[in-house]
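Enquirer: Next come the chains, spelled out residue by residue.
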Amino acid sequence: MEAIKTKIDLTRQGRLPAEGDREAVFEARGVSVFYGDQRAIDNVNIDIYRRLITAIIGPSGCGKSTFIRTLNRMTDLVPSARLTGELRYRGIDLYGPRVDAVEVRRRIGMVFQKPNPFPKSIYDNVAYGLRILGMKKDLGERVEKALRAAALWDEVKDRLKDSALGLSGGQQQRLCIARAIAVEPEVILLDEPASALDPIATSAIEDLMHELKRDYTLVIVTHNMQQAARVADMTAFFGLDVSPDGNRQGVLVEYDETEKIFTNPSDKRTEGYVTGRFG
Amino acid sequence: MAEPVFSLRTSGRLRRRQLVSRMMGALAFAAALLAVAALAIVVISVASKGASALSIDFFTKSQPQGFQPAGGGILFAIVGSAVIVGIATLIALPLGVLVAIYVSELAPPRLARVARLALDITNGIPTIVIGIFVFTIVAAHQSALAGSVALAIIMVPLIARATEEVLLLVPPAQREASLALGVSRWRTTFSVVVPSALGGILTGTTLAIARAAGETAPLLFLTALGTTSYADANPFHPLQSMTFAIFTYSDQADPAFQAKAWAAAFTLMCFVLATSLAAKLAMARYRKKLGG
Numbered sequence: 001m002e003a004i005k006t007k008i009d010l011t012r013q014g015r016l017p018a019e020g021d022r023e024a025v026f027e028a029r030g031v032s033v034f035y036g037d038q039r040a041i042d043n044v045n046i047d048i049y050r051r052l053i054t055a056i057i058g059p060s061g062c063g064k065s066t067f068i069r070t071l072n073r074m075t076d077l078v079p080s081a082r083l084t085g086e087l088r089y090r091g092i093d094l095y096g097p098r099v100d101a102v103e104v105r106r107r108i109g110m111v112f113q114k115p116n117p118f119p120k121s122i123y124d125n126v127a128y129g130l131r132i133l134g135m136k137k138d139l140g141e142r143v144e145k146a147l148r149a150a151a152l153w154d155e156v157k158d159r160l161k162d163s164a165l166g167l168s169g170g171q172q173q174r175l176c177i178a179r180a181i182a183v184e185p186e187v188i189l190l191d192e193p194a195s196a197l198d199p200i201a202t203s204a205i206e207d208l209m210h211e212l213k214r215d216y217t218l219v220i221v222t223h224n225m226q227q228a229a230r231v232a233d234m235t236a237f238f239g240l241d242v243s244p245d246g247n248r249q250g251v252l253v254e255y256d257e258t259e260k261i262f263t264n265p266s267d268k269r270t271e272g273y274v275t276g277r278f279g
Numbered sequence: 001m002a003e004p005v006f007s008l009r010t011s012g013r014l015r016r017r018q019l020v021s022r023m024m025g026a027l028a029f030a031a032a033l034l035a036v037a038a039l040a041i042v043v044i045s046v047a048s049k050g051a052s053a054l055s056i057d058f059f060t061k062s063q064p065q066g067f068q069p070a071g072g073g074i075l076f077a078i079v080g081s082a083v084i085v086g087i088a089t090l091i092a093l094p095l096g097v098l099v100a101i102y103v104s105e106l107a108p109p110r111l112a113r114v115a116r117l118a119l120d121i122t123n124g125i126p127t128i129v130i131g132i133f134v135f136t137i138v139a140a141h142q143s144a145l146a147g148s149v150a151l152a153i154i155m156v157p158l159i160a161r162a163t164e165e166v167l168l169l170v171p172p173a174q175r176e177a178s179l180a181l182g183v184s185r186w187r188t189t190f191s192v193v194v195p196s197a198l199g200g201i202l203t204g205t206t207l208a209i210a211r212a213a214g215e216t217a218p219l220l221f222l223t224a225l226g227t228t229s230y231a232d233a234n235p236f237h238p239l240q241s242m243t244f245a246i247f248t249y250s251d252q253a254d255p256a257f258q259a260k261a262w263a264a265a266f267t268l269m270c271f272v273l274a275t276s277l278a279a280k281l282a283m284a285r286y287r288k289k290l291g292g
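In order, the protein sequence lines correspond to chains A and B. Going by this note's numbering, the residue at position 186 of the first sequence is 186; the numbering climbs one at a time, nothing skipped. Going by this note's numbering, the residue at position 95 of the second sequence is 95; the numbering climbs one at a time, nothing skipped.
These are computed hints drawn from the structure, not numbers from a lab. Note that beta-carbon positions come from the ideal geometry of N, C-alpha and C, so glycine has one too. Errors might be hidden in some of the hints.
Said to hold, decoys possible - Listed next, with one range per pair, are the computed distances between beta-carbon atoms:
1) A:LEU240 to B:LEU198: 52 to 58 Å
2) B:ALA173 to A:THR84: 24 to 30 Å
3) B:PRO126 to A:SER80: 47 to 53 Å
4) B:SER184 to A:ASP267: 39 to 45 Å
5) A:GLY91 to B:ALA173: 29 to 35 Å
6) A:ALA196 to B:VAL5: 49 to 55 Å
7) A:GLU211 to B:ALA278: 47 to 53 Å
8) B:LEU198 to A:VAL242: 32 to 38 Å
Claimed, not checked - Residues from chain B that keep clear of chain A, each with C-beta distances beyond 12 Å, as calculated:
9) GLU3
10) ARG116
11) SER184
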């Protein structure tokens, strides 16, 4: 416990707005997700706040990725996936009858575990979404702005026409972040964005997240607890629950300020996980 | 140093296994050699028999009417083949690619299986049946256009299956990346998936073109038999074609005509080989560009 406590950067936690001043962007009420008959996550209730970094941690198979993918309806891509309960984004039911998943994803961007740049040039990767979504005015400036925001501009400004596939893994991931922020989303979801990267590239991504927090709401799924402790304002701990019928499902065990989760968790399961006693 | 008490040399069962292994290796090599040799023999014999009749006139003059052996060439057979296959490609390429996109990207799995089966069955239909079908049901009279329709029916399953295979090779992460930006499925398919698969689509199309250029049966009724005009390029008329030129030339008793048949066969073969090679080269260049 002591070891982890010291690794938390308390100065960052100090800027966390008081509970009453936080504005909920996502409100999940009794959200369960099914793949066919299999329940993947059960009865999740959580508020995710504006312009904070919310980390989702937990052991493998606890539904972290499934949950983050419900937030921009990427779960729609799995034909058997089904959601029950209510998930509101700024007051609108995300799974309501007249909601268009394409519009949802335009506002809520996503960065994936493995960097997935298109096999196009660096410039075209960032310009891709802008062109298709009709944001063609000042295209060059928008691309530069996004690359600067993703802390990649200085490294690539002289070779924008080169293939994105020639970049290192860390640069590719920052390019993916640039591509996501270029279309000016409101929220950026990051699904284990650094798990395929080395420590230096990871550190660059984490620094970047602190920068991005000023303008965006960030939700990050991570396996790495130190990473959650370093970057997140709020932390949600998902655990595995075996129901009486033998179904293994993810549940939200505890959700609180990161400092609280890592230093004084209310739930024994959280404490066991963050202190490394199980996982 | 003491003599070792064991040997590391082969003996007994291992020796037998090694023998079998070597024999199987040799057999596989022989089979591969045979396949290559078959191609080589065909190419060499066609080239040696056809080369003597090749001349500038052969490519630049049209076939004289009434079968005078001297002079004349296959110009309008080449033109006819180009027109017929060209129009067939214009019909089959978009259709085949769209079918492939439907099957691999949009169709529910069960429907996709049915569509795949239908494509494979179409691919297996004897081409003369397709010719009869188009001649009696689709087209009321002979024309190159009708021949193109018949060839397009042959090409669509080839292009669709080849395209589908390369579409499946495009990593799902690429689709996710685009969809996560708020780009619709159709836009994602056309701006990310299809460009990534372009090389494969090109190769599939080239193979289909090569196959169509070599087809004789479906063209027999549609454009060739009873063709009276030997110098024509109008797709609404029945036109000459390469394969039919080979067919009619080789049917003649005069050795001069038979030499022309070989020469025409050589020309067609060169076209097919060149197209295939060009497709491979284009694909290699495309891959390199993507690989960065």
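Enquirer: Please go over all the hints and tell whether each is borne out by the structure.
Expert: Right, here's what the structure says about each hint:
Restraint check, A:LEU240 to B:LEU198: a C-beta distance of roughly 44 Å breaks the suggested window 52 to 58 Å. Taking the beta carbon of each, B:ALA173 and A:THR84 are about 28 Å apart, inside 24 to 30 Å as hinted. Checked against the hint of 47 to 53 Å, the C-beta distance between B:PRO126 and A:SER80 comes to roughly 41 Å, which is inconsistent with it. Distance hint for B:SER184 and A:ASP267: a CB-CB separation of about 42 Å, consistent with the stated range 39 to 45 Å.
The given range of 29 to 35 Å is respected by A:GLY91 and B:ALA173, whose C-beta atoms sit roughly 32 Å from each other. At about 52 Å, the beta-carbon gap between A:ALA196 and B:VAL5 stays in the expected band of 49 to 55 Å. Taking the beta carbon of each, A:GLU211 and B:ALA278 are about 50 Å apart, inside 47 to 53 Å as hinted. At roughly 48 Å, the beta carbons of B:LEU198 and A:VAL242 sit outside the given window of 32 to 38 Å.
Listed as a non-interface residue, B:GLU3 keeps its Cβ farther than 12 Å from every Cβ of chain A; the least gap is roughly 53 Å. Distance to chain A confirms B:ARG116 as a non-interface residue, since its nearest Cβ pair spans about 18 Å, more than 12 Å. A Cβ of chain A approaches the Cβ of B:SER184 within 12 Å, the least distance being about 5 Å, so the stated non-interface status is violated.
Checked against the numbered hints listed earlier, the structure breaks hints 1, 3, 8 and 11; every other hint is satisfied.
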